[in-house]
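Build the complex: two chains, separate frames, hints provided.
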Amino acid sequence: MTIDNNQLLRFTTAGSVDDGKSTLIGRLLYDSKSIFEDQIEAVENTSKKKGHEGVDLALFTDGLRDEREQGITIDVAYRYFTTPKRKFIIADTPGHIQYTRNMVTGASTANAAIILVDARHGVIEQTKRHAFIASLLQIPHIIVCINKMDLVEFNEDAYNKVIGQFEEFSSKLLVKDIRFIPISALLGDNVVNRSENMNWYQGAPLLATLETLHISSDTNKVDARFPVQTVLRPQSEGFIDYRGYAGRIASGVFRKGDEISVLPSGFTSKIKSIDTFDTELEEAFAPMSVSITLEDDIDISRGDMIVRSNNKPEALQDIEVMLCWLNNSPAKPRAKYAIRHTSNEQTAMIKEIIYKIDINTLERNAEDKEIAMNDICKVKIRTTKPIMIDSYRDNRATGSIILVDESTNETVAAGMVV
Amino acid sequence: MTKYYLNYLDELESEAIFVLREVFAQFQNPVILFSGGKDSIVVTHLARKAFYPSKIPFALMHVDTGHNFPETIKFRDDLIKELGARLIVGSVQESIDQGRVAEEKGKNATRNALQTTTLLDAIESNKIDCAIGGGRRDEEKARAKERFFSHRDDFGQWDPKNQRPELWNLFNGKYFEGEHFRAFPISNWTEMDVWNYIKRENISIPSLYFAHEREVIWRNGSWIPNSEYLILDEREEIVTKKIRFRTLGDITITGGIESDADNLEKIVEEVAAMRHTERGNRADDKRSETAMEDRKRQGYF
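Those protein sequence lines, which keep their order, are chains A and B.
Our numbering puts the first residue of the first sequence at 1, with every later residue one more than the last.
Our numbering puts the first residue of the second sequence at 1, with every later residue one more than the last.
Please note that a few of the clues may not be correct.
Claimed, not checked - Have a look at the derived ranges for each label pair, beta carbon to beta carbon:
no., chain 1, residue 1, chain 2, residue 2, range
1, B, G84, A, D358, 58 to 64 Å
2, B, S204, A, E44, 50 to 56 Å
3, B, K161, A, K49, 19 to 25 Å
4, B, P53, A, D318, 51 to 57 Å
5, B, K242, A, D177, 50 to 56 Å
6, A, L151, B, E179, 46 to 52 Å
Source of the hints: derived by calculation from the structure; they are not laboratory data.
Please read all numbers here as calculations on a predicted model, not as lab measurements.
Every residue gets a Cβ at the ideal spot worked out from N, C-alpha and C, and that includes glycine.
Next up, chain B with everything else stripped away, as it sits in the complex (with noise of 0.2 Å):
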């Protein structure tokens, strides 16, 4: 006999496709925020789901800070190929370029700050007015509150304490000219969800998340890759260690984790028996308590 019910993965699947149906039909130029990383893979994804046989009806936007994996926009450029969609690319290097934003001083200088004038900048100037993220409520504290559909006011700033009530699956996507939204379809999602589901789906993914030999640094507390952005002090020493990251940004900030898994099968066992959040290893958010959230405001990702 058929079951009449859904197993959790397929039922986080039906309200992500749900979701981004409910984006393409209520804006008019909605794009979905690539960083090669893997949420916005599977959003992506998702988005292929959704409207099949059609094509994926939302250009990829993303925010180069200039300090890549090579990997990752290698992945970026077949991907965007392999989908015939529009790839629009908003220049961190660009915005220092015309005066737009300064680069941080110092060791523990990132470019991470400055991605938010880039975003609203590349969302101004493309008339973007729906920006599709990967951001799930189980990343971060800041991020439990966020809405499916998140409004944005005509500064981009996010304003946590007047979200618009969201209930059901009523969703309200209306803007006033200037402002726009942000939308997350896999909000619903925990870390286990998504590695679950890139297996089940045989989703293919940068091989940084793979377990690899590189040359890292020990610094706050997790194995920062060696490239040529980085400046190290005196005590620093640049060693080689089979590691893989768990998540995947600036290279200069990215952590990885010492691991054995170099395939899904070892990943999703390794995750599942995690102790660590997986963006404890993200030195962006370590700057203080409410860092994630005082940046959501400003109108970062």
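Only chain A is shown next, with the shape it has when bound in the complex (with noise of 0.2 Å):
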């Protein structure tokens, strides 16, 4: 097996029990065979315990014994699975509105959300909630799967209806690249093979659209952005005076001999060389974990910011943040939280809410202060010290916040810089 030029494509599914989500993956792992033999028993089992006529494929993904006592996810779950082409990361999250959290979750890390649509019932309130927090959490690539076709004969115009619907409300989100698959998840239509019963659909399925989306863009390789994580400092024979700054690549490029500058000090050098364990590069790019050495002896410690001298992000104390609020007690106003930005840390605090969404008609409510568990509103906030800042529709690495409740510990929001 060739693995040089796999790619490795990480997407998210929205939608709950009754959109037959469970049974869409459940399907997709089970036709590209991904679902070893002693699964398939395991649940063979489960489906008589319960009653079930033939192979439960829901029962593949629910994981946790709450949830297969209840029948529902209750947090997000992730599922594996590899083709010739692309190896797959799936987030299978819950799509009820109490779990907004858990798809906010999943959709922070994905290059695709597949968004299911019953075929019955076309577009509703849960479609839109599913496909704004998409556009939110800029996903770059939606596919919306309309479901349950063998349940409306298949028809083309069943299809089309939905697709009529959800491009008209679609076209306030911010997406940029919007597919629609029309699938049976339950029978297999158009999920790994093509469809018998819908010829009217030119359109690849959905495994091989999966497989071939044009991910290598979804990285910001423009702005140079590298948040040092730690510092290495060997002292032993060889490399008596190394001082490597280790980090990860947020977005961009950097290549021996760059200008760069050290955020937030302010303090110029030049890239001496990138470091791994196995070589030392000429240039190095996001996502990569390297190690940076500089010409200069400058004070560098984890929290700082290497960038290109040419193209630097923001330093900013004050910020508008889309939040959305994640722990059961809500925001209290005023209140100091920590926030965590890639690897700096600083005290923080929500100064004014602007407004809150209404995820259901995706209105802006400027009236309703109170931020609670699965809430999505703007704010304000104000830092103690300046991050470096981007915005986070440019630089999902360097636009992103969590805040920490510091008298429970808990993550209790996260936030995307507007």
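Printed below as a string of structure tokens:
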């Protein structure tokens, strides 16, 4: 098997039990032969116990005890499969409104989102919510699967009707790439294998679509950003004076000899070497983990960011953020939270709630100033020291933050810099 | 022209190195949980890469059931010497001797469940705030929901329904006195990825992974190696087979498969053609449908 050119694609699936989401994932795994015999056996046994006919494909994806008992997915579960063309990671998330936080979590690292629509019901509030979250988290590719085509006699009009509805409301969203596929997860039509029941559909089935999405441009390769995770000072023979800044390139490309600035101090230098265990590199790009050495001895530590001198992020203390609240206890106005941005941690305060978004109607509400679990709102945040910010739309890695409540140590919010 | 994207193994490697560096930066006293199995060997290899040219900044901790493959122990000791790392051993035998745990009874008795107490005791007595494991999300359904940074309360327990959300690459390793974390740098790897990586990097692994002749008995659907700890019933018969192991654990419960794969190329080919999961040969996972989740809640690996 050749592995040299195979890329990794991360996608998220949002939907509820009724949409057939778990069935779709089960189908994808089953038909691409990614499920082992002992797993099939286990699911056959459970299906029998529950009195289902045949294999309940949804059981392949339900993980924890409570979920198996209640038949719902309550957390993000990750699944893996590989085809000769790509390796895939599925972030399987529940679709109900009370699980917005899980959808946001799954969406945060995804290249693509699969949104399921029941062909009988068309676009409903939940569909809009999923599409909104995908656009909010700037997932580069959206694939709308119009499912249960078998229940509408594989009718082309039903499919076109859903496309029309989707196009209508999605014009307001920031989505770059959107596709529509008519499927039947239950019967397997257009999931892995081309449907024989829908000859009117000329596009590719779902798996072939996932295998060929152009994803190498999904990471920002323009703005060179290197958040320092830790400093390597071996002080051992052969490396007495070695001082390497270890980190993972968040975006862009760095080359040996590049003029760089260290933020927030602003000191400048040149890249002397880009090192890995295996070799010294002439250039490195996101998302590579490397160690960078500089020509000059500068005081640099975790939380600092190395950038190219001719392209710097903004150093800001007041930032506007789209915030998704993830915690049971509501946001406390003017309370202090730890804010994490790349490898940098500061203290921050939510200064103002500008508006809240009704996640079902997508309307703004400037009156309601309470932030509770699963709420999405635009806020102003002030930090104790400047942080080096890009807008989330330009740079997912340097435009994202989390808030941590230090009285519980829980991660309470995720934010995208506007 | 240079291509500006990574192949998936490079991307997984980079992600794991990122996680290991985060562990080092966010915790005071992290260790690598080292079982001598391929996953913990890969994690150790990645740690070496992550901090080069510095030495691995983590001690290796082995929870020793006392029922070991001698090959594993030799491998462990050789690796420790090569890395110049510190070894911490948590001994299940000592936990039994001190009355912390009681040995299970009967033919299918194992020391698997007892390891949890030993592990948590060793974490506490060595003041470890993060134990890095080779757990992968593809291994088992309860593990599919594990975070990279996974919180454990002051009883060492995992609460799968109340996990901290983990977004982007922003890991929250904050804890209170007495609590600790587990970190899983190779969460996103599959068994196939691990083997492809071992092959690509030419990482040395215990000889047990390669096909070899061994005395075994047929029990619970796999070939269990004969050892001094094994209690046979009258219908069980010791035979010699050419086998290899897909996972390594306690010698009394680790089942082998019949195989001719005696080098890495053949193993990769064999794994690619496999129709059963690797943990399918582990008696510890077969006790109930949620065996892994139940053990993990208690504080298991």
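Quick rundown of the hints versus the structure:
1. B:G84 with A:D358: 58 to 64 Å: 59 Å, holds
2. B:S204 with A:E44: 50 to 56 Å: 40 Å, violated
3. B:K161 with A:K49: 19 to 25 Å: 24 Å, holds
4. B:P53 with A:D318: 51 to 57 Å: 41 Å, violated
5. B:K242 with A:D177: 50 to 56 Å: 52 Å, holds
6. A:L151 with B:E179: 46 to 52 Å: 50 Å, holds
Checked against the numbered hints above, the structure violates hints 2, 4; every other hint is satisfied.
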